[in-house]
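A.B. asks: These protein sequence lines map, in sequence, to chains S and W. Under my numbering, the first residue of the first sequence is numbered 1, with each subsequent residue one higher. Under my numbering, the first residue of the second sequence is numbered 1, with each subsequent residue one higher.
Do not take every clue at face value.
Covered stretches of chain W (in silico footprint by chain S; criterion: 3 or more residues with CB under 8 angstroms from a CB of chain S, positions within the stretch not fixed) [unchecked claim]:
id, segment
1, 49-56
2, 204-212
Far from chain W, by Cβ distances over 12 angstroms, these chain S residues were calculated [what the hints assert, rightly or not]:
id, residue
3, 47
4, 115
5, 143
6, 304
Simulated from the structure, these hints should not be mistaken for lab results. C-beta atoms are modelled at their ideal positions from N, C-alpha and C, and glycine is treated no differently.
Here is what each chain is made of, one letter per residue.
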Amino acid sequence: MAVVTRDGETGVAAGASRPAAATRILASRLFTSMAGLDWLAKIWWTCLSISLFAGLWELCWAMGWADEKLLPPPHIFLSNLTEQGKFFNTATRWQVGTSMDEGPSAFESVLITGAATTARVFAGLVIASVLAIGIGVLVRYYRFFDRLVLPTITLLSPVSPIAWLPVAIFLFGIGNAPAIFMVVVALFFHMVLATINQIDTVNTNFINVARTMGASKAQIYVRVIIPAILPGMLQVLRMNLFGAWMVVLVAESTGVGYGMGQVIMLARNTFNPSLVFFTIAVIGVLGFTFDWLLRLAQRRILYWLPDTAERLRGL
Amino acid sequence: MASENAPHFSSKDAVVCRGVGKTWAAGTKRAHEALRDIDLDIKPGEFVVFLGPSGCGKSTLLYLIAGLEDATGGDTWSFGDKVETPSPERSLIFQETSLFPWLTVWQNVSFGLAIRGASQEERRKVAAEALQRVGLIAAMDKRPDELSGGMRQRVAVARALAMRPKVLLMDEPFAALDVQTRARMQDFLLDVWRDSGASVLFVTHHIDEAVALADRVVVFTSRPGRIKTIYPIDLPRPRNLFSREAEAMRIQLTELLRDEVDRAFAEQEAFAVSA
Ligand SMILES: Nc1ncnc2c1ncn2[C@@H]1O[C@H](COP(=O)(O)OP(=O)(O)O)[C@@H](O)[C@H]1O
Ligand SMILES: [Mg+2]
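The following block holds chain S by itself, in its conformation from the complex:
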């Protein structure tokens, strides 16, 4: 019985969707050529997740629970994009005397400001990772280095990055340098400790195999310990990525240069909630993209790791 019903259904479906078939084939070809259909599913779920959140907000507005002067819903703060975009023109307005209508267009302003902030986050992440992994390895490689450096690092790691802000301004004044410094300082100490922890938990069998094969200490570090800690380090990096985004905004908002933080500050000073939410949306998109790129890189670099997410979900 079941077989018959199913046959009937397929027949109907095939007849009805003849014109749609071509588009479907085209679309499926497009998506398989990208990276398979889970791509589409992932985008779909992301959109759904965001729409749900936005929808709830809109509902609150429609019911009159959310005052649109304080909590303007998405359709309001996204409506006058060109107006909002102009405020991102901090790059030029920051030089005294330039009028708001001069310089790059609204869209370009958003792009320039976003890129500036992103570049600072990226530079900070790279510098912090290289320094932290380097110093973490040195701490485990040389005992004297351990004794000399580790107490200070441990002492400084609980200090909030905010406390470093004056230092950043004293040392670097205004511009990119203090913002990057803030990102580095926010990540560096934790990442050193994380590196050391990763080294300590490397499978001793790996090290013993290398030793029996006649590897020197330097060879063991380069050929065994570094590749063995990479997965953990990238994980640490990803978790610190969002921290870096938070800190860079603080650095920018206190006047150490132009960027997203400046826009937020401007919005606060001019009491412009729409601009606040618009900026938050832009930051969200940037951070999300950054994390996604890092995940791609992680999969590229750590080709040997199996994907455990599906397995855990299947429990």
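Once you have looked at the hints, place chain W with the ligands on chain S.
C.D. replies: Just chain W with the ligands now, with coordinates in the frame of chain S:
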């Protein structure tokens, strides 16, 4: 102590231990003696199985012979040379897989050659030879996580063989495998052993495995590990493990081991009470 006398042994022996002992964390409050007064002579090409209750120091002794840990008493020689550091001549194979997940199978197998700075061609050639001997030449370019547990241990054996070791040290290498795979791996190991000519020191707590593999079985006491007795298995190879002699040997080994396991249990219970 035995080691203070002039050692009497043939410098041709694959492994010689005289009065070897190991106390972990010696000189601290957590010091505990794992091994005491081990005297052992292993001939080139001999297959010796270490049998004993878990925690009696079998792995410790293997690490000492490999040169990965320092003994706190006595000395070990291998082919006349004192064991002080690890050497590619004495390869250790572990219970859990110890293949590097970031390298392919052939890169794992030729890791030791890479350490010595051999060329890519030479490394591939040696790896191919070693993999041929373990019947995994087809898996050459695979990654370790694409292989089954048994295949991974064969790759680990190939990696050891690629170094042309004179002594193969194996620490419960098949313990994590299922019974059928384990039986196959035992046959495989005997083939490898026969055509490599190396001595094999094989740790297990399975009596069946000991009878299937060994020329001699070294039975250990519970902690601190000492040699209780050395039991020869003089069955002809290939062995019929269902023969009456094999059965009789298993029974005798079981008897020998039972006292030690009982003692180990009593000790653990006493420890649990005191802790
Ligand atoms: N690296 C180590 N540090 C401290 N104690 C150890 C270490 N390795 C083993 N031991 C101790 O030595 C004893 C013998 O262990 P082991 O040689 O692993 O026994 P077996 O292999 O026979 O099960 C155990 O009590 C164990 O806790
Ligand atoms: Mg053991």
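A.B. asks: Could you work out which earlier hints the structure fails to respect and list their numbers in ascending sequence?
C.D. replies: Result: hints 1, 2 and 6 break, sorted rising.
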